[in-house]
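Peer 1: Spelled out from the first residue to the last, the chains are:
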Amino acid sequence: MKHLIPEFEKMKERFPAGFESSLVLPCLHRIQADRGFVADEDIDGLVAYLGVPRVQVEEVLSYYTMLRREGIGRHHLQVCRNIACSMRGAEGVIEHACKRLGVKPGETTADGKFTLSTVECLGSCGTAPVMMVNDAYHENLTLQELDRLIEECK
Amino acid sequence: MPGRQLIMTFEVTPTSHTLEAYKARGGYQTLEKALKMAPADVTKEVTASGLLGHGGAAFPVGRKWGVMKPIPGEIHYLCANADEGEPGTFKDRWILENAPHLLVESMLITSYALGVRHAFVYIRGEFDLPYRRIQGAVDEAYAAGLLGKPVFGSEFALDLVVYRGAGSYVCGEASGLITSIEGRKPYPRNRPPRLTVRGLFQKPTVINNVESLANITGIIRMGAEEFRKVGTPKSPGTQLVSISGHIAKPGVYEVEYGYPWAKFLDEDCGGMLHGAKLKCVVPGGISTKVLTRAEIEPLTLSHESVNPAGSGLGSGGMIAVAEGTCMVRFLQVLLRFYHHESCGQCTPCREGMGWMHKIIDRIVAGQGVPEDIERLYAISHANDGTTICGMGDAAGYATVGILNKYRDEFEYFIQNKRSKFDGRLECLA
Ligand SMILES: Cc1cc2nc3c(=O)[nH]c(=O)nc-3n(C[C@H](O)[C@H](O)[C@H](O)COP(=O)(O)O)c2cc1C
Ligand code: SF4
Ligand code: FES
Numbered sequence: 007m008k009h010l011i012p013e014f015e016k017m018k019e020r021f022p023a024g025f026e027s028s029l030v031l032p033c034l035h036r037i038q039a040d041r042g043f044v045a046d047e048d049i050d051g052l053v054a055y056l057g058v059p060r061v062q063v064e065e066v067l068s069y070y071t072m073l074r075r076e077g078i079g080r081h082h083l084q085v086c087r088n089i090a091c092s093m094r095g096a097e098g099v100i101e102h103a104c105k106r107l108g109v110k111p112g113e114t115t116a117d118g119k120f121t122l123s124t125v126e127c128l129g130s131c132g133t134a135p136v137m138m139v140n141d142a143y144h145e146n147l148t149l150q151e152l153d154r155l156i157e158e159c160k
Numbered sequence: 023m024p025g026r027q028l029i030m031t032f033e034v035t036p037t038s039h040t041l042e043a044y045k046a047r048g049g050y051q052t053l054e055k056a057l058k059m060a061p062a063d064v065t066k067e068v069t070a071s072g073l074l075g076h077g078g079a080a081f082p083v084g085r086k087w088g089v090m091k092p093i094p095g096e097i098h099y100l101c102a103n104a105d106e107g108e109p110g111t112f113k114d115r116w117i118l119e120n121a122p123h124l125l126v127e128s129m130l131i132t133s134y135a136l137g138v139r140h141a142f143v144y145i146r147g148e149f150d151l152p153y154r155r156i157q158g159a160v161d162e163a164y165a166a167g168l169l170g171k172p173v174f175g176s177e178f179a180l181d182l183v184v185y186r187g188a189g190s191y192v193c194g195e196a197s198g199l200i201t202s203i204e205g206r207k208p209y210p211r212n213r214p215p216r217l218t219v220r221g222l223f224q225k226p227t228v229i230n231n232v233e234s235l236a237n238i239t240g241i242i243r244m245g246a247e248e249f250r251k252v253g254t255p256k257s258p259g260t261q262l263v264s265i266s267g268h269i270a271k272p273g274v275y276e277v278e279y280g281y282p283w284a285k286f287l288d289e290d291c292g293g294m295l296h297g298a299k300l301k302c303v304v305p306g307g308i309s310t311k312v313l314t315r316a317e318i319e320p321l322t323l324s325h326e327s328v329n330p331a332g333s334g335l336g337s338g339g340m341i342a343v344a345e346g347t348c349m350v351r352f353l354q355v356l357l358r359f360y361h362h363e364s365c366g367q368c369t370p371c372r373e374g375m376g377w378m379h380k381i382i383d384r385i386v387a388g389q390g391v392p393e394d395i396e397r398l399y400a401i402s403h404a405n406d407g408t409t410i411c412g413m414g415d416a417a418g419y420a421t422v423g424i425l426n427k428y429r430d431e432f433e434y435f436i437q438n439k440r441s442k443f444d445g446r447l448e449c450l451a
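As they're listed, the protein sequences go chains S and V. The first sequence begins at 7 in this note's numbering and counts up one residue at a time. The second sequence begins at 23 in this note's numbering and counts up one residue at a time.
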């Protein structure tokens, strides 16, 4: 993570003085964007850089669902399963994705290309069903479109 | 559109979110006007406007601000709540994507009124475009000298940080949001002390929903009196309603308070999907009690009309449910969600959500027993008022709301080991 410190320093400028503790989450986001997950050495580096207790970083890492301690597939498919999406066919989307990829939610395909997850309301209920592929939302998703996205990622 | 508009007043184009376009619409002129007023007069105007919070509880914005006396030399913070996690709600996203500078200008005005030097926009981690848009607007405002240094020849300067969450519903709860910004796991806090007394890093902090704040610029521009001409005396202004579910035209609508509810659904939203009949509506996020078609018939979209009917407009996240939808499966999805999102701090919420989730799963699996219905009631009641944050109560409200109205579907499911309908949540053509 050391190569990210110049970026962290810039980020700090807009925070009030003494807000080192607040930088834990944004720094972890940045580290994960860089490496794909947060490694042990990142935690060591962050603890040293911010001067916060290690347990705090661990706690944050284990609480938030978006933060990962291990790598996942190259394409992360996250299908919303909350109520508005379920009312517009999300259950069928999840079933179809499981079948197409041969995995259950939470699993990664053997070739390491896809990880499938289910998530709660993504704040996109008016264009349900919704799936994220990495950072991008795909709204009003149909099974055809799902197939197309999977093909495209292969 | 259902009534007059205060927020969705311009045509959305590929560039309408930029600083240039916002300035062409008169953007940041209200900030200049506000800086010539005394800070206390800005708060007075907001109080006089009668603006009610749009985050869910409809708490008067002026009253919240009034608690936080701007003492010179004291540190105060402001946070815009852009966590938008209540299922069914996607209206703040409209503001973040299409009118990010309206939020920035409003936060500048609010910070001036409250003696704030550092403000935060707390945005949910999954939001991609809304994040890029609000961060882009903040960067534009820094580059234009509106943020980061004294503005318009005054002594007032504000730093604004866009802070990203990382996937957790309780971060939308005001004190959970604060612990999240403090860099810890987002455990909500007991009150008192109120956050306006002791909030972020123990300093007085105001937290308002994005839509609440977005209204501030308009209120200061036109004055409280003009603002109050929109809406009803008890619900001044408008509400952004995000509607989803089995409705023909889902989306975000700006509704003037007092607009007839049934007309909104039948005409503005194009009626139900595939010509289905309306069974019930979730009025404002899943934590508000469902109302049946017959119940909403005489109501208008205003707090004074909906609250006496035993529900609330909440976060404006409306979900239309068609006849033929299985309410047992419906509740199952909600309870799975609450269980998943409980932060685990309070026993009634942590254990109660787990039990309720287990019971509903059992019913859906055809293994329910008649006592299960009373058990769901009992757990809901045990949660009410015994937890640190509102989530414990909310899950109970949602459950009781559905059980009261659709008890027969639960009894049928338990007795016959299958749904009274076909277990569908979808509305087929
Ligand atoms: C579990 C829970 C989740 C919440 N989520 C949100 C949210 O996503 N956005 C929001 O603005 N308010 C949310 N709230 C309400 C906030 O606690 C707070 O009341 C609100 O942001 C205050 O803004 P307002 O006064 O402008 O409405 C939530 C409350 C609870 C109990
Ligand atoms: S009510 Fe639930 S979510 Fe809220 S603080 Fe308690 S355990 Fe956490
Ligand atoms: S329910 Fe899926 S985005 Fe809201």
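Be a bit skeptical, because a hint or two may be false.
What the hints assert, rightly or not - Straight line, CA to CA, 25 Å or less: simulated DMTMM-like cross-link-like pairs of lysine to aspartate or glutamate:
#, chain 1, residue 1, chain 2, residue 2
1, S, K18, V, E96
2, V, K271, S, E151
3, V, K171, S, E15
4, V, K380, S, E101
5, S, K8, V, E204
6, V, K380, S, D141
7, V, K439, S, E97
8, V, K299, S, E151
9, V, K271, S, E145
10, S, K16, V, E247
11, S, K160, S, D141
Treat the hints as calculated values from the structure; they're not laboratory data.
Peer 1: Now, for every hint given, state plainly whether the structure supports it.
Peer 2: Results of checking the hints against the structure:
1. Distance hint between S/K18 and V/E96 is fulfilled; the C-alpha atoms sit about 21 Å from each other, no more than 25 Å.
2. Using a Cα cut-off of 25 Å, the hinted pair V/K271 and S/E151 holds, with the two alpha carbons roughly 21 Å apart.
3. A C-alpha spacing of about 19 Å is found between V/K171 and S/E15, which places the hinted pair at or below 25 Å, so the restraint holds.
4. Using a Cα cut-off of 25 Å, the hinted pair V/K380 and S/E101 holds, with the two alpha carbons roughly 22 Å apart.
5. Distance restraint check for S/K8 and V/E204: the Cα-Cα separation of roughly 23 Å lies within the 25 Å cut-off, and the hinted pair is therefore satisfied.
6. Distance restraint check for V/K380 and S/D141: the Cα-Cα separation of roughly 33 Å exceeds the 25 Å cut-off, and the hinted pair is therefore not satisfied.
7. The suggested pairing of V/K439 with S/E97 holds, with an alpha-carbon distance near 21 Å, which does not exceed 25 Å.
8. About 29 Å separates the Cα atoms of V/K299 and S/E151, which puts this hinted pair outside 25 Å; it is violated.
9. Between V/K271 and S/E145 the alpha-carbon distance is near 15 Å, which keeps this suggested pair within the 25 Å criterion.
10. Distance hint between S/K16 and V/E247 is unfulfilled; the C-alpha atoms sit about 44 Å from each other, more than 25 Å.
11. Distance restraint check for S/K160 and S/D141: the Cα-Cα separation of roughly 17 Å lies within the 25 Å cut-off, and the hinted pair is therefore satisfied.
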